[in-house]
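Given the sequences, and given the hints that come with them, work out the whole structure.
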Amino acid sequence: MRFLKLVPSNTKIDFAGHRILAFAVTGFLFLVTTFSLFYQGLNLGLDFTGGVVVEVASSTPPDLADMREKLNNLGLGEVKLQDFGESGREVQIRVQPRANGSDQQTVAAIREALGTGFEYRRVDVVGPTVSGELFRNGLIATLLALAGIGGYVAFRFEWQFGVSALISTFHDVYITLGLFSVLQLDFNMTAVAALLTLAGYSINDTVVVFDRMRENARKYKRMSLIDLINVSVNETLPRTVMTGMTVIIAVFPLLLVGGSTLLNFSASMLFGVIIGTFSSIYVASSLLIYMKPVLRSRADDQGDTKPAAPTPAKPS
Amino acid sequence: MIYIAPWKIVVAVVVVLASIVFSMPNVFSRATLDTWPSWVPSKQANLGLDLQGGAHLLLEVDVAAVTRERLEALLDEVRNVMRETRIGYTNLGVDGDSVRFRLREAADVAKTREALRPLSRPLTNAVLGTSARDVNVELTDDGQARLTLSPEAIEARRSAAVDQSLEIVRRRVDETGTKEPTIQRQGTNRILVQLPGEQDPEHIKRLLGQTAKLTFRLVDTSAVPGAPVAPGSELLPTDARAAGGTGAGPQQIAVRRQIMVSGENLVDAQPGFDQQSGQPVVNFRFDSAGGRRFGQVTTENVGKPFAIVLDGKVISAPVIRQAIIGGSGQISGGFSVQEANDLSVLLRAGALPAPLNILEERTIGPDLGADSIRAGMLSLTIAAVLVVIFMIASYGLFGVFANLALVFNVLLILAATSAMGATLTLPGIAGIVLTMGMAVDANVLIFERMREEVRAGKSPLAAIDAGYSRALSAILDANLTTLIATILLYQFGSGPVRGFAVTLTIGLIASMYTAVTLSRIIILFWFRQTRPSTLPI
Numbered sequence: 001m002r003f004l005k006l007v008p009s010n011t012k013i014d015f016a017g018h019r020i021l022a023f024a025v026t027g028f029l030f031l032v033t034t035f036s037l038f039y040q041g042l043n044l045g046l047d048f049t050g051g052v053v054v055e056v057a058s059s060t061p062p063d064l065a066d067m068r069e070k071l072n073n074l075g076l077g078e079v080k081l082q083d084f085g086e087s088g089r090e091v092q093i094r095v096q097p098r099a100n101g102s103d104q105q106t107v108a109a110i111r112e113a114l115g116t117g118f119e120y121r122r123v124d125v126v127g128p129t130v131s132g133e134l135f136r137n138g139l140i141a142t143l144l145a146l147a148g149i150g151g152y153v154a155f156r157f158e159w160q161f162g163v164s165a166l167i168s169t170f171h172d173v174y175i176t177l178g179l180f181s182v183l184q185l186d187f188n189m190t191a192v193a194a195l196l197t198l199a200g201y202s203i204n205d206t207v208v209v210f211d212r213m214r215e216n217a218r219k220y221k222r223m224s225l226i227d228l229i230n231v232s233v234n235e236t237l238p239r240t241v242m243t244g245m246t247v248i249i250a251v252f253p254l255l256l257v258g259g260s261t262l263l264n265f266s267a268s269m270l271f272g273v274i275i276g277t278f279s280s281i282y283v284a285s286s287l288l289i290y291m292k293p294v295l296r297s298r299a300d301d302q303g304d305t306k307p308a309a310p311t312p313a314k315p316s
Numbered sequence: 001m002i003y004i005a006p007w008k009i010v011v012a013v014v015v016v017l018a019s020i021v022f023s024m025p026n027v028f029s030r031a032t033l034d035t036w037p038s039w040v041p042s043k044q045a046n047l048g049l050d051l052q053g054g055a056h057l058l059l060e061v062d063v064a065a066v067t068r069e070r071l072e073a074l075l076d077e078v079r080n081v082m083r084e085t086r087i088g089y090t091n092l093g094v095d096g097d098s099v100r101f102r103l104r105e106a107a108d109v110a111k112t113r114e115a116l117r118p119l120s121r122p123l124t125n126a127v128l129g130t131s132a133r134d135v136n137v138e139l140t141d142d143g144q145a146r147l148t149l150s151p152e153a154i155e156a157r158r159s160a161a162v163d164q165s166l167e168i169v170r171r172r173v174d175e176t177g178t179k180e181p182t183i184q185r186q187g188t189n190r191i192l193v194q195l196p197g198e199q200d201p202e203h204i205k206r207l208l209g210q211t212a213k214l215t216f217r218l219v220d221t222s223a224v225p226g227a228p229v230a231p232g233s234e235l236l237p238t239d240a241r242a243a244g245g246t247g248a249g250p251q252q253i254a255v256r257r258q259i260m261v262s263g264e265n266l267v268d269a270q271p272g273f274d275q276q277s278g279q280p281v282v283n284f285r286f287d288s289a290g291g292r293r294f295g296q297v298t299t300e301n302v303g304k305p306f307a308i309v310l311d312g313k314v315i316s317a318p319v320i321r322q323a324i325i326g327g328s329g330q331i332s333g334g335f336s337v338q339e340a341n342d343l344s345v346l347l348r349a350g351a352l353p354a355p356l357n358i359l360e361e362r363t364i365g366p367d368l369g370a371d372s373i374r375a376g377m378l379s380l381t382i383a384a385v386l387v388v389i390f391m392i393a394s395y396g397l398f399g400v401f402a403n404l405a406l407v408f409n410v411l412l413i414l415a416a417t418s419a420m421g422a423t424l425t426l427p428g429i430a431g432i433v434l435t436m437g438m439a440v441d442a443n444v445l446i447f448e449r450m451r452e453e454v455r456a457g458k459s460p461l462a463a464i465d466a467g468y469s470r471a472l473s474a475i476l477d478a479n480l481t482t483l484i485a486t487i488l489l490y491q492f493g494s495g496p497v498r499g500f501a502v503t504l505t506i507g508l509i510a511s512m513y514t515a516v517t518l519s520r521i522i523i524l525f526w527f528r529q530t531r532p533s534t535l536p537i
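First to last, the protein sequences are chains A and B.
Quick note: the first sequence uses the numbering used here, first residue 1, plus one each step.
Quick note: the second sequence uses the numbering used here, first residue 1, plus one each step.
No lab work stands behind these hints: they were computed from the structure.
All C-beta atoms, glycine included, are put in the ideal place defined by N, C-alpha and C.
Keep in mind that the hints are not guaranteed to be accurate.
[Stated by the list, open to error] Non-contacting residues of chain B with respect to chain A, defined by C-beta distances greater than 12 Å in every case (computed): (1) P122; (2) N136; (3) G143; (4) D163; (5) A227; (6) G263; (7) R285; (8) D287; (9) A349; (10) R362; (11) M438; (12) D441; (13) V444; (14) T482.
[To be verified] Here are the computed lysine to aspartate or glutamate pairs in the EDC-like style, where the Cα-Cα straight-line distance is at most 20 Å: (15) B:K213 / B:D76; (16) B:K458 / A:E215; (17) B:K205 / A:E112; (18) A:K80 / A:E119; (19) B:K8 / B:D34; (20) B:K213 / B:E339; (21) A:K12 / B:D268; (22) A:K219 / B:E452; (23) A:K5 / B:E452; (24) B:K304 / B:D200; (25) B:K213 / B:E167; (26) A:K219 / B:E234; (27) B:K213 / B:E175; (28) A:K80 / A:E112; (29) A:K70 / A:D14; (30) B:K111 / B:E72; (31) A:K80 / A:E69; (32) B:K313 / B:E72.
[Claimed, not checked] Pairwise CB distance ranges (calculated): (33) A:N72 / B:V385: 41 to 49 Å; (34) B:I4 / A:V32: 31 to 39 Å; (35) A:K12 / B:V385: 56 to 64 Å; (36) A:T11 / B:F28: 25 to 33 Å; (37) A:D63 / B:G187: 42 to 50 Å.
Rendered as structure tokens:
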């Protein structure tokens, strides 16, 4: 029986040698993200801005212009209307928080202005206290997660591993944040959940490579760091790609049929998994080259336990 | 020899059976489950409001109002004390968090200190001890006085106000007949109300939006329109329909500050109709103390009007035609039937100690909830089928073993969610889907390792052993780091996102058992039966 193999066994790709190219790609994405965050920022969702979001479905195709006129006459400030969902009958109405007058009155006013003939699928009202807290909590959770992950890896390996794991995880989270900014996707609490899960996934990927490096360092005591990285990344490559693929396969249905609530979540997960796979192959281990970790097991270098090390990858 | 410790097999059988037994109830309808004997687990996963539809309200008890009210009361007390003791003062008022005034004569300082002493009472709180007093009095030698509430007193009142609000909210919501509401305290001064199935929470919001402080007081008939009222009275706005329901009555009525009877003395309130006019009214009954006092005051004031004041508004100001002795009465304020109903609900449930602010409201229509369940289940099914096919295509028979472990992983998530009474949300379903992608990672790690060992020339059994033992540290590290992220997400996330953290956390922990231990036992069993000379991997 022949199995599906996404990556042939025994690859000898010179990943560490291509690091400059990888860093260029990373640097480019980093710049795009930074520029986008600087110039257009994030499209903060209701969770973080506060205000009112109402999703209505009408029995007949809705007349957006008419609805817009009715709602603009209410004097609620900026009212945004948007086609929504797949049915073409759904409209999302978003009202920014009001300086005077309560958001509760906003909802009542909208219900009154639109009249009957609408089904209220979702009404979300978030006050300024809660939106501020949600924003702060999301930020704290993300920072703590990064710190916790870096700390754990530093504790389990050497500090250099912790640092490069932290940098590559931050890299993945940051560039996925860039996706939210460039495409102006709704950035809400679910998006933070996606980023945190991604941080967990990305570190998972990186740790597997690091774990193999540690093992190989014990096995081939005289191998140079660059060769060690290449051997370890190549050996774990089938697993890295397989796992990335299973997650993509699992997330894809969420993207296609999971509905609007999960759309941004699944899109960013999908993007992030690809970035995460890229970074654990290229970025995380290659960063180690610049930090020259001394692996504990090599400190008492007694010579190779195994006579022949596998042929290191040839730079191509 | 292929040896599997008997206790490991016992544990595996127990885990497998438990995952089936505890996840089973989710397949059946509630009605079927009720016919089951009580010893059979019948707990279903709690569906979050985003799946079953309903309203979520986060309320905040306005504790500042409690403090403000206490300061106003203190101000009255000070005024009374000073007037009784005939000490001259000026500039009496509430300033920030204290009551201040200045003595006309600095010589009165000692006398004032003595007079104000009774205002500073020890707090009767066993926990805080007896050293704390509720009011601190500061009096300078040049006659500046400042009375502040002690932090302990503020805290005691805050805590009591939140406890009482929680109780009142519960009573009011129960009165509306909402099915299975969840009402719980959150943080220091917040109350979370969840109303499954509620589509339009406007009615409940209106009920919760009133403090419903009811007082019966005498109208100050000596007040002249346009002139300032006497110190013992205050001008209160009238409800538009008050005073006979014409809406043509005066905009404001001078009412005595002194309260005859308050809503606390009510034992019952029911909506009804006035026998003569047929107008909707609220019939109420006082407790014995309230009835006695009401009887006494009405006896002494026949022919004079009294005011029924609700939340600082006069809703009715009838004239006392005769003494009302029976302890029961009627409020007519030009109500609609609905308003009379609501008012009786509010009066029965009691007054809130402080206003409630709505911080957050999320309402999901039942159709959207049903759509979300459908979308979630569909993605889950498609994802499961794809992952299963992918694993078999990649690893053949071993893929089947991994899939078996995966099935029990998903069952375990469902079983744990149901047994713990955790809430399953739409992001929670996404968490299960994601777990499926991530849980097979452990098996991928193990199987890839086996391939390497086979290539290195190991015997099938040695390759299996090495695959499991060598991949273990990577699996542990990988899962623990992901757990850091999911636990933080649970801690700091809110609402549906927490459901995601729950299922993903359970899934990761379960996967460490199913993908490592369970799949190993399955593979070793298979090996013992077939004794293959090469591994089909």
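For a C-alpha distance cap of 20 Å, please report whether B:K205 and A:E112 respect it. Judged against 20 Å, a Cα distance of about 17 Å means the pair holds.
Is A:K70 within 20 Å of A:D14, Cα to Cα? violated, 63 Å
Just double-check B:T482 for me: nearest Cβ-Cβ distance to chain A has to come out over 12 Å. Label violated. Min Cβ-Cβ 3 Å, cutoff 12 Å.
Quick one: are A:T11 and B:F28 within 25 to 33 Å, going by C-beta? violated, 50 Å
Take a quick look at B:A227 and tell me if its Cβ sits farther than 12 Å from every Cβ on chain A, holds or violated. Consistent with the label, B:A227 stays out of reach of chain A, its closest Cβ about 34 Å off (over 12 Å).
Straight-line Cα separation of A:K80 and A:E112 no greater than 20 Å? Holds, at roughly 17 Å.
Is the Cβ of B:D163 farther than 12 Å from every Cβ of chain A? Non-interface label stands for B:D163: nearest chain A Cβ at 21 Å, farther than 12 Å.
Is A:K80 close enough to A:E69, meaning Cα to Cα at most 20 Å? Holds, at about 11 Å.
No chain A beta carbon within 12 Å of B:D441's: violated, 4 Å
For the range 41 to 49 Å, tell me whether the beta carbons of A:N72 and B:V385 fit it or not. Holds, since A:N72 and B:V385 (Cβ atoms, about 48 Å apart) stay within the stated range.
Taking 12 Å as the cut and beta carbons as the points, is B:D287 off the interface with chain A? holds, 35 Å
Given as non-interface: B:A349, partner chain A, CB spacing beyond 12 Å: At roughly 21 Å from the nearest Cβ of chain A, B:A349 sits farther out than 12 Å, so the non-interface label holds.
Checked against the numbered hints given earlier, this structure breaks hints 10, 11, 12, 13, 14, 19, 21, 24, 26, 29, 30, 34, 35 and 36; the rest are met.
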